Amino acid sequence: MAFSLDSIAQALGARLEGDAALQITGASEPALCGAQDLALAMDPKYAEGLPKGKAQAAILWDGADWQGLNLKAALFVGRPRLAMAHLSKIFDPGPQIAPGIHPSAVVDPSARIGPGAAIGPLTVIGVNARIGANARIVGQATIAEEAVIGDDALICSGVRIGARVRIGDRVILQPGVALGGDGFAFVTPEKSSVEQVRETLGDRVEVSNAAWTRLHSLGTVEIGDDVEIGANSTVDRGTIRATKIGRGTKIDNLVQVGHNVEIGEDCMLCGLVGVAGSTRIGNRVVLAGQVGVNDNIFIGDDVVAGGASKIFTNVPAGRVILGYPAIKMTTHNEIYKALRRLPRILRDVSALKKAVSLPDQSN
Amino acid sequence: MAFSLDSIAQALGARLEGDAALQITGASEPALCGAQDLALAMDPKYAEGLPKGKAQAAILWDGADWQGLNLKAALFVGRPRLAMAHLSKIFDPGPQIAPGIHPSAVVDPSARIGPGAAIGPLTVIGVNARIGANARIVGQATIAEEAVIGDDALICSGVRIGARVRIGDRVILQPGVALGGDGFAFVTPEKSSVEQVRETLGDRVEVSNAAWTRLHSLGTVEIGDDVEIGANSTVDRGTIRATKIGRGTKIDNLVQVGHNVEIGEDCMLCGLVGVAGSTRIGNRVVLAGQVGVNDNIFIGDDVVAGGASKIFTNVPAGRVILGYPAIKMTTHNEIYKALRRLPRILRDVSALKKAVSLPDQSN
Amino acid sequence: MAFSLDSIAQALGARLEGDAALQITGASEPALCGAQDLALAMDPKYAEGLPKGKAQAAILWDGADWQGLNLKAALFVGRPRLAMAHLSKIFDPGPQIAPGIHPSAVVDPSARIGPGAAIGPLTVIGVNARIGANARIVGQATIAEEAVIGDDALICSGVRIGARVRIGDRVILQPGVALGGDGFAFVTPEKSSVEQVRETLGDRVEVSNAAWTRLHSLGTVEIGDDVEIGANSTVDRGTIRATKIGRGTKIDNLVQVGHNVEIGEDCMLCGLVGVAGSTRIGNRVVLAGQVGVNDNIFIGDDVVAGGASKIFTNVPAGRVILGYPAIKMTTHNEIYKALRRLPRILRDVSALKKAVSLPDQSN
Numbered sequence: 003m004a005f006s007l008d009s010i011a012q013a014l015g016a017r018l019e020g021d022a023a024l025q026i027t028g029a030s031e032p033a034l035c036g037a038q039d040l041a042l043a044m045d046p047k048y049a050e051g052l053p054k055g056k057a058q059a060a061i062l063w064d065g066a067d068w069q070g071l072n073l074k075a076a077l078f079v080g081r082p083r084l085a086m087a088h089l090s091k092i093f094d095p096g097p098q099i100a101p102g103i104h105p106s107a108v109v110d111p112s113a114r115i116g117p118g119a120a121i122g123p124l125t126v127i128g129v130n131a132r133i134g135a136n137a138r139i140v141g142q143a144t145i146a147e148e149a150v151i152g153d154d155a156l157i158c159s160g161v162r163i164g165a166r167v168r169i170g171d172r173v174i175l176q177p178g179v180a181l182g183g184d185g186f187a188f189v190t191p192e193k194s195s196v197e198q199v200r201e202t203l204g205d206r207v208e209v210s211n212a213a214w215t216r217l218h219s220l221g222t223v224e225i226g227d228d229v230e231i232g233a234n235s236t237v238d239r240g241t242i243r244a245t246k247i248g249r250g251t252k253i254d255n256l257v258q259v260g261h262n263v264e265i266g267e268d269c270m271l272c273g274l275v276g277v278a279g280s281t282r283i284g285n286r287v288v289l290a291g292q293v294g295v296n297d298n299i300f301i302g303d304d305v306v307a308g309g310a311s312k313i314f315t316n317v318p319a320g321r322v323i324l325g326y327p328a329i330k331m332t333t334h335n336e337i338y339k340a341l342r343r344l345p346r347i348l349r350d351v352s353a354l355k356k357a358v359s360l361p362d363q364s365n
Numbered sequence: 003m004a005f006s007l008d009s010i011a012q013a014l015g016a017r018l019e020g021d022a023a024l025q026i027t028g029a030s031e032p033a034l035c036g037a038q039d040l041a042l043a044m045d046p047k048y049a050e051g052l053p054k055g056k057a058q059a060a061i062l063w064d065g066a067d068w069q070g071l072n073l074k075a076a077l078f079v080g081r082p083r084l085a086m087a088h089l090s091k092i093f094d095p096g097p098q099i100a101p102g103i104h105p106s107a108v109v110d111p112s113a114r115i116g117p118g119a120a121i122g123p124l125t126v127i128g129v130n131a132r133i134g135a136n137a138r139i140v141g142q143a144t145i146a147e148e149a150v151i152g153d154d155a156l157i158c159s160g161v162r163i164g165a166r167v168r169i170g171d172r173v174i175l176q177p178g179v180a181l182g183g184d185g186f187a188f189v190t191p192e193k194s195s196v197e198q199v200r201e202t203l204g205d206r207v208e209v210s211n212a213a214w215t216r217l218h219s220l221g222t223v224e225i226g227d228d229v230e231i232g233a234n235s236t237v238d239r240g241t242i243r244a245t246k247i248g249r250g251t252k253i254d255n256l257v258q259v260g261h262n263v264e265i266g267e268d269c270m271l272c273g274l275v276g277v278a279g280s281t282r283i284g285n286r287v288v289l290a291g292q293v294g295v296n297d298n299i300f301i302g303d304d305v306v307a308g309g310a311s312k313i314f315t316n317v318p319a320g321r322v323i324l325g326y327p328a329i330k331m332t333t334h335n336e337i338y339k340a341l342r343r344l345p346r347i348l349r350d351v352s353a354l355k356k357a358v359s360l361p362d363q364s365n
Numbered sequence: 003m004a005f006s007l008d009s010i011a012q013a014l015g016a017r018l019e020g021d022a023a024l025q026i027t028g029a030s031e032p033a034l035c036g037a038q039d040l041a042l043a044m045d046p047k048y049a050e051g052l053p054k055g056k057a058q059a060a061i062l063w064d065g066a067d068w069q070g071l072n073l074k075a076a077l078f079v080g081r082p083r084l085a086m087a088h089l090s091k092i093f094d095p096g097p098q099i100a101p102g103i104h105p106s107a108v109v110d111p112s113a114r115i116g117p118g119a120a121i122g123p124l125t126v127i128g129v130n131a132r133i134g135a136n137a138r139i140v141g142q143a144t145i146a147e148e149a150v151i152g153d154d155a156l157i158c159s160g161v162r163i164g165a166r167v168r169i170g171d172r173v174i175l176q177p178g179v180a181l182g183g184d185g186f187a188f189v190t191p192e193k194s195s196v197e198q199v200r201e202t203l204g205d206r207v208e209v210s211n212a213a214w215t216r217l218h219s220l221g222t223v224e225i226g227d228d229v230e231i232g233a234n235s236t237v238d239r240g241t242i243r244a245t246k247i248g249r250g251t252k253i254d255n256l257v258q259v260g261h262n263v264e265i266g267e268d269c270m271l272c273g274l275v276g277v278a279g280s281t282r283i284g285n286r287v288v289l290a291g292q293v294g295v296n297d298n299i300f301i302g303d304d305v306v307a308g309g310a311s312k313i314f315t316n317v318p319a320g321r322v323i324l325g326y327p328a329i330k331m332t333t334h335n336e337i338y339k340a341l342r343r344l345p346r347i348l349r350d351v352s353a354l355k356k357a358v359s360l361p362d363q364s365n
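In order, the protein sequence lines correspond to chains A, B and C. All residue numbers in the first sequence are consecutive under the working numbering, ending with 365. All residue numbers in the second sequence are consecutive under the working numbering, ending with 365. All residue numbers in the third sequence are consecutive under the working numbering, ending with 365.
With the rest of the complex left out, here is chain A (with noise of 0.2 Å):
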């Protein structure tokens, strides 16, 4: 599909000189371009790759001079990885799926499904289900019996959707997404080992497990307008109310969202994370890769954690961290550099000790 450099501008609202006219059909690296596509220089160290690929026109620095890099065209915006992001969205062709409801799909008949969804090949959908207007259902998923699906959502191949699960509009989630999974509750009939080393913070376990007894999840998972979940991510049901996930938020792949969670707005969790149970998280916050949220605590608004962050207790809005245990980033920072002298300090306090006659007790 081929737009002018025109409307591209417009949808980039970016600066355009040259000609308006050209037919652009794809964005690309500069040295990997043809001859209609939009070449993604907006920086110097890119253009180099340009007289090596075919394109015409280029996203380019400020300042830049297109006709000097032998271009006919130029667009210039004012930050570049935004309209990146624009330019993404018109050239994403999305996943095919045939209008209307494949034949192989097992749709209950007592299911809504709403005017323009697309359902794919192989779909299960469930008694009582509602399909949004214009979702799409890529194929082979399961939609359980009840859940709901707002409008304008993507559902990927692979999807499994619990009973009564409620998925708000424009949701996109990425293949093999699990919602609606049973939370990990089990309770012991007497104090099981967990609670004790709860209460002691012993270094040994003094009672003996029995039996776990399940604790059925009756709750269902919510998941706000505007949310992305990335492949095979979890995210299970609440005990009694449900897990929520607000609107605007964004989960990557492989991230696990515990029962009774509630996780606000716009916040971002990177892969692999894992968030225990019945802890909330603000609005905002970011989790950066293999971060661990500890069960049954609170994360403020704003909150960012480093990679491979582990939470185990409440962090205030706005706090930077990093660490296992995670602390203030700087504190963190701070401690490291520390801890790289720490074989010179213990040779140092030998020497002291020795100089001023103290009996060496640390050797």
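Derived from the structure by calculation, the hints contain no laboratory data. Predicted, not measured: the structure shown is a model, and the values here were computed from it. There's no promise every hint is true.
Just so you know, same-sequence chains aren't split out, so a pair can sit in one copy or run between any two.
Below, in silico cross-link-like pairs of lysine to any residue (SDA-like), each with a Cα-Cα straight-line distance of 20 Å or less [said to hold, decoys possible]: (1) K339 to T315; (2) K56 to Q25; (3) K193 to I103; (4) K330 to L203; (5) K91 to R342; (6) K56 to D21; (7) K74 to A23; (8) K56 to A23; (9) K56 to A66; (10) K47 to T27; (11) K54 to K74; (12) K74 to Q25.
Since the structure of chain A is provided, determine the placement of chains B and C on it from the hints.
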């Protein structure tokens, strides 16, 4: 479905006061209760919500004045969380699966399906597979050739069960579980860099890996009775013998269990735990979220490992551990406290060296 | 299927002593062997099991007296683990897939299926997809539009392969692998809290993220020949170019590879490893279980990262690393030893300060 309060009291082993004939259809938080819901208010702080809801009966704390709370009846229990577990079982509707074999399922004629089993849509059951009595397979699952599923098992949507895998009675597999993938085992013609590092603990690799030759997995996976495995978790088959998970063990979402691993009975493995190949884990062991366990080690009975512990070496029975590398929890906490004072210690040591006129080597 | 011991010896490059015509149908641990199994007893300690089983032939250690062990024949090999690999290949029955295309598969008429390929039940193959010669697709998998699968590939049940993804020859994808999910890339209109933290390393966030705008993934995924990827692992498509995994690289279960990542040849990524976006990894790199790799960094050839290492910065070729943050393994171990002595050091420093009459600031 409605139950008399009397019958619920019996199922919970609870003491009942008030109207035993009240009909109850669900359980909920006090503020969210309808007139036929049982309010969960085991602690006085939860009782505040009662006037906001419509509950006529509640589970209350010992000594609570249910009449003063405008209730018609109340239940009193010894261990509230255990009562919750029993209660949740009563009201869990479970997944809807029509009885019998759905016509869209692809079932090999040689497969044996037990009486009362329900096989959901688009399930594949292979040659000589056996499905136990009253087992429920929600749909779109794979039961490969010669796999055996026990009685009363619940296999959720999209579960993958490999050839010859054996699963006990009452096992629950959440959506997307994959049992019986091939073990991750490769060998190089000459000593590999990993073998070298294990021998020398050196900081540079002197050998370079040639191509990896695959060790095929001829073993299988055996899952004991009453095991539950969470969404998208994976258990690999053994090389020669079976990878084994013992009776009553509970495994959360996104957990990886490597080839040849043997896990005992009544263990609990939380989300994103990884257990590397050939490790043996005793009974009643608890591994918190994101714990990692090295290959070829042994974890004794009743060990409790705190969140994100990384276990590199054998752990004796009953020990409580934490950290990376995991050590006794009390030792970890002592070191950690000292660590927070480390930047100050560095300044002290500098001051001391000046005071005794030692050269300051550490700066 | 039975093989003569002679033919097995040839496949293994083993020296044979005794009855070369013995018919062998499997391989097992000595104590579990039937009469036609080859016993695996490469070490004298394993030989103890021989009398408990019925093996007539075994692989033994150099110099072993096979006649004294009551065997009719024995094999001797140079590197036992490599012999095991060759042996396991001989006896692996592999998954059962009927030849041709199962009638329940949904195959677009435009798709090209190579000669000898086997397509299992309920598989979906999209527009213009290409399946290589003798490729095996176990069933219930997705091969989206224009995807390309190489010759002799093995695609296990429930694998999701996105549009335009390209997969080499002899690739093995374990159950539930998801290739070609969209990259996790979002941008805010103004500078985000993450950008601020990266610039300042501060301990509080001063800016608040507005809504995230999605960077669509126009690139694809390219998997080289002889790659294996474990159950439920995920590889995201690139933004503009392809995410690439080089020839011969092996990836374990539940591994996340982010968008634009390039991984070299013959690498090994163990379970639950996460590699964040746009990072490049050299050849023959080994990342142990739960290792995390930051975005936009470079890992040199032959690097070995120990279990759960968290890699935040570039790593030069050949280095062996460990820890959070990951540093040279030898340095890590030295610091770690010092750390265990830290509580004592604190007491020493207090005593020293008293001895030289310095005020004790650190308490």
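Open item on the list: If the cut is 20 Å between Cα atoms, do K74 and Q25 qualify within a copy, between copies, both or neither?
Closed with: This pair counts as within: shortest intra-copy Cα distance 12 Å, inter-copy 75 Å.
Task: Intra- versus inter-copy proximity for I103 and K193 (alpha-carbon distance at most 20 Å) - done: Intra 52 Å, inter 43 Å, cutoff 20 Å: neither.
- [ ] Go through the copies and call it for K56 and Q25: within, between, both or neither, with a Cα cutoff of 20 Å.
- [x] within (14 Å within a copy, 65 Å between copies)
- [ ] Check K54 against K74 for me: Cα-Cα at most 20 Å, and say if that holds within a copy, between copies, both or neither.
- [x] within (16 Å within a copy, 69 Å between copies)
- [ ] Evaluate K56 and A66 at a C-alpha cut-off of 20 Å and name the case that applies: within, between, both or neither.
- [x] For K56 and A66, only the intra-copy Cα distance (18 Å) is at most 20 Å; the inter-copy one is 69 Å.
Open item on the list: For K74 and A23, with the copy left unspecified, which applies at a CA distance of at most 20 Å: within, between, both, or neither?
Closed with: within (10 Å within a copy, 77 Å between copies)
Open item on the list: I want to check one pair: K330 and L203. Are their C-alpha atoms no more than 20 Å apart within a copy, between two copies, both, or neither?
Closed with: between (23 Å within a copy, 10 Å between copies)
Open item on the list: I want to check one pair: K56 and A23. Are their C-alpha atoms no more than 20 Å apart within a copy, between two copies, both, or neither?
Closed with: within (17 Å within a copy, 67 Å between copies)
- [ ] State whether the alpha carbon distance between K339 and T315 is at most 20 Å within one copy, between copies, both, or neither.
- [x] Between copies only: 16 Å across, 24 Å inside.
Task: Same-copy or cross-copy closeness of K47 to T27 [CA-CA at most 20 Å] - done: neither (24 Å within a copy, 62 Å between copies)
Open item on the list: Cα distance capped at 20 Å. Does K91 pair with R342 within a copy, between copies, both, or neither?
Closed with: neither (46 Å within a copy, 48 Å between copies)
- [ ] Evaluate K56 and D21 at a C-alpha cut-off of 20 Å and name the case that applies: within, between, both or neither.
- [x] within (16 Å within a copy, 69 Å between copies)
The structure does not agree with the numbered hints 3, 5 and 10 stated previously, though it agrees with the rest.
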